[in-house]
Each structure stands twice: as C-alpha cells, then as structure tokens.
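Using the hints, position chain V against chain Y.
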Amino acid sequence: MANANNDIDLDLDFLPGPVLFYNEIVIDHFSNPRNVGELADEETDGFGLVGDPMCGDQMKLWIAVRNNHIARIAFKSFGCPGAIATSSMLTALAEGKSVEDARLITDDDVVTALGGIPENKRHCSLLGVRALQAALEDWERRQQGKEPR
Amino acid sequence: MIYLDHNATTPLDSRALEAMLPYLTERWGNPSSPYRFGSQARIALEQSRKRIAGHIGCAPAELVFCASGTEADNLAVRGAAYARRAQGNHIITTAIEHHAVLNTCKALEKEGFRVTYAPVTPEGTVDLAALAANIGEQTILISVMHANNETGVLQPLEEIAALAKHHGILLHTDAVQTAGKLPLPLAATGADFISFSAHKLYGPKGIAALYVRRGTPLVSIITGGAQERGIRAGTENVAGSVGFAEAVALAYDSAESEGQRLRLLRDQFEQQVLAAVPGTRINGARSPRVPNTSNITFESIDGESVVLGLDLQGICASTGSACSTGDPEPSHVLLAMGINPRAAQGSLRISLGRSTQAADISAAVEALRSTVHKLRTISSIGGTGSAR
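Protein chains in written order, with this note's numbering: chain Y, -8 to 140; chain V, 62 to 449.
For reference, chain Y alone in the conformation it holds in the complex (with noise of 0.2 Å):
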C-alpha cells in the first residue's frame, strides 16, 4: 500500500514531547509485514502462541533451528498495526540469529529498530518478545532426549 494521502504535510520531528504517530519504518512493517506465515509441523522446531491482556492483541511464532541457528521464523498477528509492525521487526531481527542471541531480543530493541513507536503502543512490542521467548521454550523442550539435526 503506497502512501495515497501524500498532498497532506507531516512535519512529524516538529512534535515535542513522546512519539504521537507510526513513523516510516513502522508503517513500511505494517503495510509489508516480513515473515508473515506459517511453518508446516515437520519443519517447526519451536512454537509459540501469547495474547497481549492490556489489548486484546495475539501472535503465534513458528521457528526452524538449524546449527543452533534461527533458520526460519513466520508469524500471525491479530492487533493493531503496532502490533503488526513490532511482530515483524521482531522476527527480522531474530533471523538468523543463534538461539543465545535471539533469546537476548528485548521490547527495547524492537522498539529501537523501528525508530521509535507511539508511546501508547509500546507495550505491543513485548507481544512479539514473549513469542518469540515461548517459541525457544518450546523448542528446548522439544530438544530434551533427541539428537540436535
């Protein structure tokens, strides 16, 4: 979705005080989500599923661990587009990573990734750190007895 609203002049940096609207970055993530998808069950090594209570928002997240490695993420999101975007950052940045690293990711470094987010939805992007948190968990528990592929 190209930005059809172009004749009206946002002089966003001119606004003092907290973020008050979805920046370049965020709506890019919204309107071009990454990663959006699923994994079918024989290629999904962990799995997670958490709702947001404070809105009603929910993300399931699928990863694919090869070499200790996240070698395929997707995801799906119900919720607002700070929910969309903060789930798709946080999958950009978990690929590929290994799982000590990804499980280092914090709301902060999604936040700091998208160049900011309005205050109000700052909370949206713990939705996609816990996903990813409980995606790990799983995995590790599906990692208890087996030999790692």
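Worth double-checking, as some hints may not be accurate.
From the structure, some residues in chain Y lie toward chain V, with a derived Cβ separation under 7 Å [to be verified]:
| id | residue |
| --- | --- |
| 1 | P24 |
| 2 | R25 |
| 3 | V27 |
| 4 | G47 |
| 5 | Q49 |
| 6 | M50 |
| 7 | K67 |
| 8 | S68 |
| 9 | F69 |
| 10 | C71 |
| 11 | P72 |
Note that these hints are calculated values from the structure, not bench results.
Beta carbons are placed, not taken as given, at the ideal position from N, Cα and C, and that holds for glycine.
Coordinates of chain V only, in the frame set by chain Y:
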C-alpha cells in the same frame, strides 16, 4: 483524499467562514464593552442566538453558548445535578453515552452521587424498561444521547421525555450527532437540556450550545463575569457564534434532502460491503439511525489496522476501539450491545457527509475489501493457524 469521518468533525462551510470573517477582522470588539463598537459585536452575538433558536424551536434566551459539545454536556449534567442536590442524588444515564457524559457521571459518583448506567439492546437502543425500573425517589436527572456517535442509532427520546416529565425528573440529551442531520427542531424532543456543537454541522470548532428550557434549574460550572446570563462566564466567541448560526441555517435548510441522499449512499455502501467482504456485520442496522453513519465489524482483524490500511489508500475513517495502555477496552458502545470484545475490536465507523459521492462509496468498498483481505492473511485468528 476521501473523508468518511463526518461524525468526528466536518469542514467549515465557506459561507459560514465568510459570515465570520468581519468579526475576526474589523468588528473584533468585546460584546460586554459599553461603547458602540462593543454593541456591534453584542448585536451579532444575539442575532446568531436568535437564528439558531429559530431552528432549534426555542426562545433565544434558552440557548447558552459554550466552547464545545463536551462543555455543554458537563454544564448540563453537573449543573443540573448540583442544582437538584437537595432533592436527591441519583442520576440515570446509559452505557453507550459519549465520554463527555460518562466520565462526568463517574466524577459525580466520587462526589457522592449515585449513577445508573442503563443497558442497551443488542440493536443499540436503550432498554426503556430497565431505565424506567431504575427511577426512584432520589432520581434527579436522566441523560440519554439523541443518537449514538459510533453506531448512529437513535434513542427513544420522546418516550424517555414523557417518563421524565411524569416523575418530575430533569432530562438532558447529547444531540451532537443529530443537530443539523435530522429535519427536527431539537426542542421538540422534550428534553430540558440539549447539547449540540458547531463543528459537527459544518460550522467552526470552538463553539457549541446548550439549550436550557426556560425555568430549569442549573448551576454554572465556569464562574466569572455575567456573560451568557451568568451561566457561562468568559468573553463570548462572537465570530464563532456567527459561523455557528450560518452553519445551523444551512444544515437545517438542507437536512431533509441531504438526509435522503446520504441514507441512500449509506445503504448502498452497506450492501456493497456485505457482498464484497465475508465475515462482516453491520451494527445497529435494524434500529432507526441517523442517515450518514455505518458501524461495521470485520471478523478476525483489528479496527485500528483497518483504519491505517484505509489511510494509506487515502481514505479517512475511524474506529471506536483503541488499543492503548490504560484503555484496553474495545468500544464501550459495542460491548454494551453484547458484541464480544474480540469482535468489537474489529469495528470501523464510516460517517458520510456533504462531500460524499457515489464514486467515493465504491472506492471505499474496494479499499476495504483489499485491506480486510490483507489483514486476514496476517491474522492469527481464524483461517488455518495452528494452535497446537
């Protein structure tokens, strides 16, 4: 840009602007000043009041100008509650009021008033029997909106007015969404207090009015000088009142024909959306509604995401729900209608107005179709998403 959010605000009519300009440039005097330059402004203010009163069906002295619909609601609800405090402390309102009324009632609860929030039917009209059953010895005020801002559903005000009159209870109505939209002199609703605002009917922002039936007790909320018969202190917005009056006259002159035109477009829009987008329902469709408003629920997606998706295609619409910290609830109006929270989260309000043409409707339907489809491919709800 296709603007489909006329219940939020409307553009200022150029004729209203033209009428206002002299009072922003040459005739900027203070209506309370003792010299003729002030009198010139005073006369404009009172002429505006008279013009508006003619369309509302009341005496000019029954209109109090203030700065916003919210202020008019505050003045009516607080002012009446304080004025009747000796007679009782119970207020009845509805679960679907605008926050201007709801939060004022909540504030009054902290001051010792008891408030009943009457339920509504699944079709969005206040449950008259429940409202009537809650009337007691202590009930001093009923506040029921004329039409809901999110669904457009009209409330049975005449019946409520008869009920209130029978019990000697004051009645306030927030008519912000009906003023200028219905060919009806608002005083005929029978309410003792009626709030309405200029910017919802192609007048300027920053001015509104409260109709106060002659002889009705009311305590002022903003104290100061003797402006507005001592009920609302503060130097009057003369230019605003002139624009307000012009806008009211224009809106009421065309309310009938414009209402018919918009109803046709709105109904076309709803038929097209229902046909083009599966998993869709129109909220309040079986109730009488103002002609310009449509409230739609799309399964499995979030309304705010729909709004942004439409915005990116040049279409302005809104949602009653808001996902934000501190306001986790979806639309209180849809929840009160018994719609489940997740479905209520996927609601969108489209409100048509003077600029709306048939081509805008088709464009909006197509934009909605593509936006909803895209969001559903992203959504974790419905479809084939594995839950394990």
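Right, here's what the structure says about each hint:
1. Using the Cβ-Cβ criterion of 7 Å, the hint placing P24 of chain Y at the interface with chain V is satisfied: the shortest such distance is roughly 6 Å.
2. The closest approach between the C-beta of R25 of chain Y and any C-beta of chain V is roughly 11 Å, which is over the 7 Å cut-off, so the hint fails.
3. Evaluation of the V27 of chain Y hint against chain V yields a held restraint, the C-beta minimum of about 5 Å falling below 7 Å.
4. With 7 Å as the threshold, the beta carbon of G47 of chain Y comes within range of chain V, its nearest partner Cβ sitting at about 5 Å, so the hint holds.
5. The beta carbon of Q49 of chain Y is positioned within 7 Å of a beta carbon in chain V (closest approach about 5 Å), and the interface hint is therefore held.
6. The criterion of a C-beta within 7 Å of any C-beta in chain V is met by M50 of chain Y, whose closest approach is roughly 6 Å, and the hint holds.
7. Below 7 Å, beta-carbon pairs count as interface contacts, and K67 of chain Y has one with chain V at about 4 Å; its hint therefore holds.
8. Interface hint status for S68 of chain Y: upheld, as the beta-carbon distance to the closest one in chain V is roughly 6 Å, under 7 Å.
9. Given the 7 Å rule on beta carbons, the hint for F69 of chain Y holds: about 4 Å separates it from the nearest Cβ of chain V.
10. The interface hint given for C71 of chain Y holds, since its Cβ lies 4 Å from the closest Cβ of chain V, which is under the 7 Å cut-off.
11. At a threshold of 7 Å, the smallest CB-CB gap from P72 of chain Y to chain V is about 5 Å, leaving the interface hint in force.
Checked against the numbered hints above, the structure breaks only hint 2 and satisfies the rest.
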